[in-house]
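Sequence order for the protein chains is P and A.
Each residue of the first sequence is one higher than the last, beginning at 3 in my numbering.
Each residue of the second sequence is one higher than the last, beginning at 3 in my numbering.
Keep in mind that the hints were calculated from the coordinates and are not lab data.
Note that the structure is predicted; figures quoted are calculated from it, not measured.
Please note that the accuracy of each hint is not assured.
Because identical chains cannot be distinguished in the list, a pair is counted as satisfied if it fits within a single copy or across any two copies.
[As the list claims (entries may be wrong)] Once the Cα atoms are required to be at most 30 Å apart in a straight line, the calculated DSS-like pairs of lysine-lysine come out as:
hint	residue 1	residue 2
1	K91	K102
2	K140	K14
3	K458	K222
4	K222	K14
5	K240	K315
6	K102	K458
Listed below, chain by chain, are the residues.
There are 2 protein chains.
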Amino acid sequence: MAQAQKITPRAKDYSEWYNDVIMQAELADYSSVRGCMVIRPNGYRIWELMQRALDDMFKETGHQNAYFPLFIPMSFLAKEAEHVEGFAKEVALVTHTRLKATGKTGAGAVMVDPASALEEPLVVRPTSETIIYASFAKWIQSYRDLPLLLNQWCNIVRMELRTRLFLRTTEFLWQEGHTAHADEADAEREARLILSIYRRFAEEWLAVPVLTGVKTDSEKFAGALHTYAIEALMQDRKALQCGTSHHLGQNFARAFNVQYQTAAGGLEYVWSTSWGVSTRLIGGLIMTHSDDNGLVCPPRLAPVQVVLVPIWKTDAERAQVLEVGARVEAELKAAGLRVVLDARDSLKPGAKYFEWEARGVPLRFEIGPRDVAAGQAMSARRGGGKSPVPLAGIGATASRALEEIQAALFTAARERREAASVRGITKERFIEFMQDQGGFAYGGFCGSGECEAAIKDMTGATVRVLPDPEFRSPEAPRTCMWCGKPSVAEAVWAQAY
Amino acid sequence: MAQAQKITPRAKDYSEWYNDVIMQAELADYSSVRGCMVIRPNGYRIWELMQRALDDMFKETGHQNAYFPLFIPMSFLAKEAEHVEGFAKEVALVTHTRLKATGKTGAGAVMVDPASALEEPLVVRPTSETIIYASFAKWIQSYRDLPLLLNQWCNIVRMELRTRLFLRTTEFLWQEGHTAHADEADAEREARLILSIYRRFAEEWLAVPVLTGVKTDSEKFAGALHTYAIEALMQDRKALQCGTSHHLGQNFARAFNVQYQTAAGGLEYVWSTSWGVSTRLIGGLIMTHSDDNGLVCPPRLAPVQVVLVPIWKTDAERAQVLEVGARVEAELKAAGLRVVLDARDSLKPGAKYFEWEARGVPLRFEIGPRDVAAGQAMSARRGGGKSPVPLAGIGATASRALEEIQAALFTAARERREAASVRGITKERFIEFMQDQGGFAYGGFCGSGECEAAIKDMTGATVRVLPDPEFRSPEAPRTCMWCGKPSVAEAVWAQAY
Chain P
3 MAQAQKITPR AKDYSEWYND VIMQAELADY SSVRGCMVIR PNGYRIWELM
53 QRALDDMFKE TGHQNAYFPL FIPMSFLAKE AEHVEGFAKE VALVTHTRLK
103 ATGKTGAGAV MVDPASALEE PLVVRPTSET IIYASFAKWI QSYRDLPLLL
153 NQWCNIVRME LRTRLFLRTT EFLWQEGHTA HADEADAERE ARLILSIYRR
203 FAEEWLAVPV LTGVKTDSEK FAGALHTYAI EALMQDRKAL QCGTSHHLGQ
253 NFARAFNVQY QTAAGGLEYV WSTSWGVSTR LIGGLIMTHS DDNGLVCPPR
303 LAPVQVVLVP IWKTDAERAQ VLEVGARVEA ELKAAGLRVV LDARDSLKPG
353 AKYFEWEARG VPLRFEIGPR DVAAGQAMSA RRGGGKSPVP LAGIGATASR
403 ALEEIQAALF TAARERREAA SVRGITKERF IEFMQDQGGF AYGGFCGSGE
453 CEAAIKDMTG ATVRVLPDPE FRSPEAPRTC MWCGKPSVAE AVWAQAY
Chain A
3 MAQAQKITPR AKDYSEWYND VIMQAELADY SSVRGCMVIR PNGYRIWELM
53 QRALDDMFKE TGHQNAYFPL FIPMSFLAKE AEHVEGFAKE VALVTHTRLK
103 ATGKTGAGAV MVDPASALEE PLVVRPTSET IIYASFAKWI QSYRDLPLLL
153 NQWCNIVRME LRTRLFLRTT EFLWQEGHTA HADEADAERE ARLILSIYRR
203 FAEEWLAVPV LTGVKTDSEK FAGALHTYAI EALMQDRKAL QCGTSHHLGQ
253 NFARAFNVQY QTAAGGLEYV WSTSWGVSTR LIGGLIMTHS DDNGLVCPPR
303 LAPVQVVLVP IWKTDAERAQ VLEVGARVEA ELKAAGLRVV LDARDSLKPG
353 AKYFEWEARG VPLRFEIGPR DVAAGQAMSA RRGGGKSPVP LAGIGATASR
403 ALEEIQAALF TAARERREAA SVRGITKERF IEFMQDQGGF AYGGFCGSGE
453 CEAAIKDMTG ATVRVLPDPE FRSPEAPRTC MWCGKPSVAE AVWAQAY
């Protein structure tokens with residue numbers, strides 16, 4: 003374990019703070035490959051817990067997992083014109099297949115063997131629509147084969163110029179769903195179903211409140227009819243796109259000739275969707291909840307939910323508190339909780355508190371000789387609040403406390419978001435708001451790309467979503483807050499990651 | 003679902019049979035990328051069940067999952083001389099990062115942008131020792147950081163010339179463990195522990211009996227001190243290496259300067275291990291158990307363990323058997339089983355039997371009106387045997403039957419392997435055995451690479467392992483079965499995948 007270091011306060015440098023939180027909690031590390039990160043065990047465990055929860059939701063709604071190749075023939079990417087345009091500038095291209103000796107030794111001992119050039123270069127998948135539709139074309143014959151509801155968990159590569167741990171990395175892990183349907187309505191239902199799953203996952207597991215809605219044309223996925231998204235607001239009042247669900251229409255079906263025989267005997271192109279969330283969600287979790295002491299992790303995704311810290315001076319006390327600690331550990335495990343008994347001799351209790359706080363453990367029980375005598379433990383919540391709890395029934399007590407903490411994190415995050423949102427904004431106020439503070443600005447929008455470009459140019463803000471009814475203002479705006487022409491939809495703008 | 007097709011019998015063409023089984027069970031499919039396969043939902047579910055079981059075993063023994071980059075700088079691979087030599091001829095090399103328009107449309111619309119060449123080419127990981135040791139060098143400072151026990155589940159690329167579904171593909175999925183230890187004994191203990199986990203997993207989950215032992219120098223991992231392996235024998239009497247566990251000594255620690263401060267204050271290189279199993283195991287499972295009717299899947303890894311097939315003629319009968327079917331389904335699910343009630347109207351019962359047999363479902367319950375009247379279902383096991391079972395307590399009955407099937411598959415496979423093994427072999431008999439039948443041949447071995455090369459040259463057989471004591475012949479051979487010099491160890495030869 004690395005030496006404990008001070009975490010830069012948020013108020014001083016938010017970006018440094020973010021990196022410090024990750025390093026102190028040992029969630030990830032920089033790697034020797036530009037833009038690629040190493041996900042360390044503490045971070046990967048959060049991802050595993052996320053995967054399990056999402057995967058269960060996908061399976062409950064009839065989706066199955068599969069696995070498609072990492073490589074895509076270059077010509078495939080080109081088949082959907084918008085799609086290739088969207089990804090052409092950030093692809094990793096495999097062109098050769100052998101190394102040969104240079105005659106030198108050590109690091110310079112090998113070079114690319116020019117004689118091993120591939121006939122057709124391969125693209126490392128930046129997303130898998132094209133390679134998957136090639137299989138769909140083989141598998142889908144008749145309406146009986148529909149809907150086809152697939153998902154894969156895999157790695158993705160986009161050669162980003164500016165990267166940040168979890169939020170934007172050259173390689174990242176994600177799930178990508180790909181489904182084919184007999185008609186537009188069924189594809190639309192699917193895209194919406196997934197959006198609702200993403201929302202529920204964000205709210206109930208990440209404790210991150212999100213807006214749902216549709217993207218404007220300039221922000222939609224390259225090749226989609228339209229893109230739905232969940233959008234969250236971070237503590238620095240910048241937005242984070244947390245997940246997207248695309249209705250692809252028949253665009254990819256046409257490009258890859260995915261047709262099916264209808265019940266009536268005709269031939270139709272399928273309608274399709276794709277959707278994904280990634281390890282970026284870990285960045286969103288960190289930036290939503292954490293504080294100047296380090297990571298704050300919602301209990302349902304915490305690798306360690308409860309840490310037990312025994313306190314002693316003498317050997318006799320040590321034996322006693324460790325014995326009680328082991329009993330409590332067993333009881334918490336029996337209650338289905340992820341628990342660690344920190345019995346290390348090498349650290350004082352205060353240093354242990356500090357370390358586990360930085361790692362985001364939601365609940366700590368301190369067990370000293372006086373606690374044992376009183377039949378209690380001292381309970382300390384990561385967000386503050388210390389009080390004794392009886393050892394009797396401590397499993398149920400801990401479970402209840404974790405549920406409260408989970409709920410409190412969500413409520414606090416939603417309140418922060420609302421405090422950082424303004425509605426019915428005017429152009430003047432918008433410019434000021436985006437310059438001074440940032441946040442979610444709700445206002446009328448004429449729907450034109452020119453307004454979007456001008457707004458982005460002047461303020462850096464983009465339309466995050468045209469929000470779903472539930473999130474819209476009570477009164478629909480009449481005019482575009484920027485150009486004054488009639489509003490076609492309320493929009494939510496923000497500067498974004 | 004594809005039209006049911008006839009499976010080539012094993013006796014006619016084993017290799018065709020293998021592909022037919024996979025296609026009929028919809029386990030995998032060829033992809034548009036040379037040597038890469040698509041793992042379809044039925045195949046991927048087996049992999050998920052394997053992952054869950056192995057991952058639990060790794061975690062129980064103190065290992066944690068992490069994730070390291072897909073890309074490795076070319077110079078890293080070169081740092082360990084044997085290692086780069088082992089992989090130089092089969093690596094996918096990323097050399098460029100942008101596509102540019104050619105001015106044409108459609109598939110030929112783009113080309114590699116020569117202006118986007120990387121300064122240093124990246125190797126798509128063929129295994130991750132080198133990139134992981136770069137991180138180990140940062141993380142490991144003192145003896146307190148040891149042992150470091152990591153594992154990752156990921157994809158791997160080796161540009162193989164001749165590929166076969168699951169057994170040898172350009173890209174495959176696997177887990178790779180990487181551990182660092184304070185001394186040789188601890189690393190050796192780890193390499194052995196993992197070998198025992200692999201063996202237990204093969205026997206208890208795959209129902210595949212394996213030999214354990216050590217590889218000869220010519221068959222060990224590029225860069226290892228020595229390699230342990232589990233080896234199985236397929237129905238065609240060819241061996242399949244199912245998993246390897248490498249003691250790497252200090253080779254990679256020296257190449258990447260992974261040193262730690264000892265308790266006494268000195269500086270030492272760590273000792274390390276690496277180990278892996280892959281989607282190849284699915285190929286081993288198929289080839290060990292399946293028959294001319296298609297896949298036979300051991301119950302513990304079967305995506306569907308029990309299929310319920312209702313039988314009816316009239317609408318009244320249909321309502322009745324479906325109602326009972328739903329009740330049985332609920333009871334089997336409550337017993338923790340993976341069950342499907344096949345209520346399709348479009349297929350006759352016989353066609354359903356045929357289809358589920360090809361998919362390897364271990365247990366089928368047929369439920370007709372007469373069965374319902376008698377309070378029973380007709381039970382049919384995938385391997386043969388049909389008998390009525392009472393509906394009362396059918397959950398427990400099914401669980402017991404599945405356990406019996408699992409055990410019977412293992413016993414049958416072990417008997418087949420033993421029947422295809424010869425001990426105390428002589429040179430003459432060896433040549434004949436390898437020409438006529440193949441199988442596991444046990445005999446004395448002088449330990450020389452020359453004998454190994456000559457044997458491989460003449461018979462295609464290689465030393466699979468120098469077996470652990472449990473598998474050795476009662477009397478140790480005195481002389482090398484090939485050259486007649488003193489034997490240094492008993493060896494097991496076979497032709498192998």
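### Query
When no copy is named, should K240 and K315 be tagged within, between, both, or neither for a Cα gap of at most 30 Å?
neither (48 Å within a copy, 64 Å between copies)
### Message
Within, between, both or neither: how does the pair K140, K14 come out at a Cα-Cα threshold of 30 Å?
### Response
Classified as between; 28 Å across copies, 57 Å inside a copy.
### Message
If the cut is 30 Å between Cα atoms, do K102 and K458 qualify within a copy, between copies, both or neither?
### Response
The answer is between: 27 Å across copies meets 30 Å, while 49 Å in one copy does not.
### Task
Give the relationship of K458 and K222 under a CA distance limit of 30 Å: within one copy only, between copies only, both, or neither.
Classified as within; 16 Å inside a copy, 58 Å across copies.
### Same-copy or cross-copy closeness of K91 to K102 [CA-CA at most 30 Å]
both (29 Å within a copy, 8 Å between copies)
### Message
At most 30 Å between alpha carbons: which applies to K222 and K14, within, between, both or neither?
### Response
neither (35 Å within a copy, 54 Å between copies)
This entry does not satisfy hints 4, 5, going by the numbered hints stated previously.
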